[in-house]
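**Q** Note that the protein sequences, when read in sequence, are chains L and Y. The first sequence begins at 1 in the numbering used here and counts up by one. The second sequence begins at 1 in the numbering used here and counts up by one.
What the hints contain is simulated information worked out from the structure, not anything from laboratory work. All figures in this text were calculated on a predicted structure; none of them were measured in a lab. Certain hints may be false.
[To be verified] To give an idea of the interface, some chain L residues facing chain Y are shown, with a C-beta separation under 10 Å as derived from the structure:
1. Pro-60
2. Ile-84
3. Gly-86
4. Arg-87
5. Gly-90
6. Val-91
7. Gly-94
8. Gln-172
9. Cys-245
In this text, a Cβ means the ideal position worked out from N, Cα and C, and glycines have one as well.
Each chain, written out:
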Amino acid sequence: MSVSEPASRPPRRMKLPIIEHLEVAAHARELVLYAPELAQSSSPGQFVHVLCGSPAALDPLLRRPFSIHDADPTSGRVSLLYEIRGRGTGVLAGRLPGETLDVLGPLGQGFTLPESESQPLILTAGGIAVAPIYFLGRRIADTIGCRRTTFVIGARTQSLLVCLDKFSQLGQDVRLATDDGSAGYHGLASGLLEQCVEEMGAAKPLVYACGPMPMLKAVAEIAKAHGLKCQVSTEAKMACGIGACMSCVIEVRFGDSSRYVRCCKEGPAFDADEVIW
Amino acid sequence: MTSRLAVEIAGIQMKNPVMVASGTFGFGREYSDLIDLHMLGAIVTKGTSLEPWVGNPPDRVAETPAGMLNAIGLQNDGVDRLISEKIPWLRRFDVPVIVNIVGKTVDEYAEVARRLEGVEGVAGVEVNISCPNVKEAGIAFGTDPAMAAKVVGAVRKATRLPVIPKLSPNVTDIAQMARVCVDAGADAISLINTLLGMAIDAETRVFKLANITGGLSGPAIKPVALRMVWEVAQAVDVPVIGIGGIMTAEDAIEFFLAGADAIQVGTANFVNPTAALDIIGGLDAYLDRHGFGHISEIVGAARSPVGKGKGD
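All chains should be built: construct the whole structure from the sequences, respecting the hints.
**A** What follows is the structure in structure tokens.
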């Protein structure tokens, strides 16, 4: 079905050196690991499960899942982009280049890539969810080379828009939305997405989205209303990250009924019309 | 690994006394890329019911200081799929498989046990009378001695497999619960399951679990578990399997010293997928360092502090 998706490889546990840890904004960090194997085996939408503090620390206890933000098989660099939100990311923000990080990955099912370069695309991200959307955009640019890709990137306010320079470097149409109107379209990313879809008229873009669940729900509704195929990358509170504990479930359609499937195993990427919103 | 860690628990031969706890290790397969399953003392599989159960709505998990709350609600595919899919896959490994069983009625528990009878690759049943997250199942049986006796008795009649009730800590007198289960035919006792708890997001004023309450596990509960294992070990003559917040070999050794004959590693699997193997290695090193010939020599070997008792 997909063109360049690598064969799914089993997850591994790795001790990976931190080679860079950058403050990309007051609230966000980019952490770069030297991980040649992971760089080879990761596909966009997959994630890693990271022990943020020292291995012996009892608090925070659990690993934290992070979308893969970039993976370069040539240099062996794998990058994570995260927002400092709670105790796990707070501890992670204090880790320094030269230290090693205990990482499980690659995990989960990523996005299914478009099949042809003529397929118009809209890639939508809300807030820190630009992390996997950038990797997806870059991988599509490097492998399939879709000619018409629009990025729709939203955040609450201008200072929370991150990595815009990277998106510009992909040489595609980058549109911004802020809830408060401080940059770009005044309103939600989903509102801007709808505007883009309408502009494209009969082109029927394939829509990809990652962001908070209410945003994904709005994106899914817009895609459905316009008859567009849409994939979303979901988020859920997680414990094991490898499909054992059944914590991170997402409700999906199952015949006439529904069932809970694991965000970490069957997801995090799903067809939008599969998810019960 | 040396035979000085080999144990027999409820008639089940194990290479070592370190098992992985129900609900934290799936059906083994999920961990098979990350850990050599045949190195484990035993695998206790995810709680399994007669019919498939859908489980609770999310969020199902919340981290707490040195611990976590869960309210999975025993989502599982039912015993028939366990027998047709999960157990056959596990047979390739030289490791005993203990099936954790749950039910909404006494008859359901008994029927699950009956279906497991004679299934190649099933070494025993752990009777989950302690899940705090399913109202009509689990804990209702685990907090009432008369109900616990009924369930264990019914399972005992339904199977010749070793029967291991898993006790809830959410009781006043854990020793009494253990005695009642042994009188009803239990071959061993495992304890503790999770402690009933709750977490609230102060900023949003929303309960962190959709189920509102959940079961607390992890290092935060270790002192409670240790005390309960110590009480039960003194109250019954069957083997005791200690569970509760074990992260390291040192934690495990404390459980042996309190009277456990074997232990289970639970929440630690989420943090460190090789936690059980690390603990097995650590136990061996401990026996070396202290000159013990067999793990059984440290079971119940904790002593009172000398010269610092009351009145000194």
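**Q** Please verify that hint: L/Arg-87, Cβ, nearest Cβ of chain Y, below 10 Å or not.
**A** L/Arg-87 check passes; min Cβ-Cβ to chain Y is 8 Å, inside 10 Å.
**Q** Take the shortest C-beta to C-beta distance between L/Ile-84 and chain Y; is it under 10 Å?
**A** Since chain Y brings no Cβ nearer than about 16 Å to L/Ile-84, farther than 10 Å, the hint is violated.
**Q** Classify the hint on L/Gly-90 as holds or violated, based on whether any CB of chain Y lies nearer than 10 Å to its CB.
**A** With a minimum Cβ separation of about 13 Å from chain Y (threshold 10 Å), the hint on L/Gly-90 is violated.
**Q** When the nearest CB of chain Y is found for L/Gly-86, is that gap smaller than 10 Å?
**A** holds, 9 Å
**Q** Should the hint that L/Gln-172 touches chain Y count as held when the rule is a Cβ pair under 10 Å?
**A** violated, 35 Å
**Q** L/Cys-245 was flagged as interface toward chain Y. Is the shortest Cβ-Cβ separation under 10 Å?
**A** With Cβ-Cβ at 6 Å, under 10 Å, it holds.
**Q** Could you check if L/Pro-60 really has its C-beta closer than 10 Å to a C-beta on chain Y?
**A** holds, 6 Å
**Q** Should the interface hint for L/Val-91 be scored as holding, given a Cβ-Cβ cut-off of 10 Å against chain Y?
**A** violated, 12 Å
**Q** Is the shortest C-beta separation between L/Gly-94 and chain Y less than 10 Å?
**A** Result: violated, 18 Å to nearest chain Y Cβ.
When held up to the earlier numbered hints, the structure conflicts with 2, 5, 6, 7, 8 and fits the remainder.
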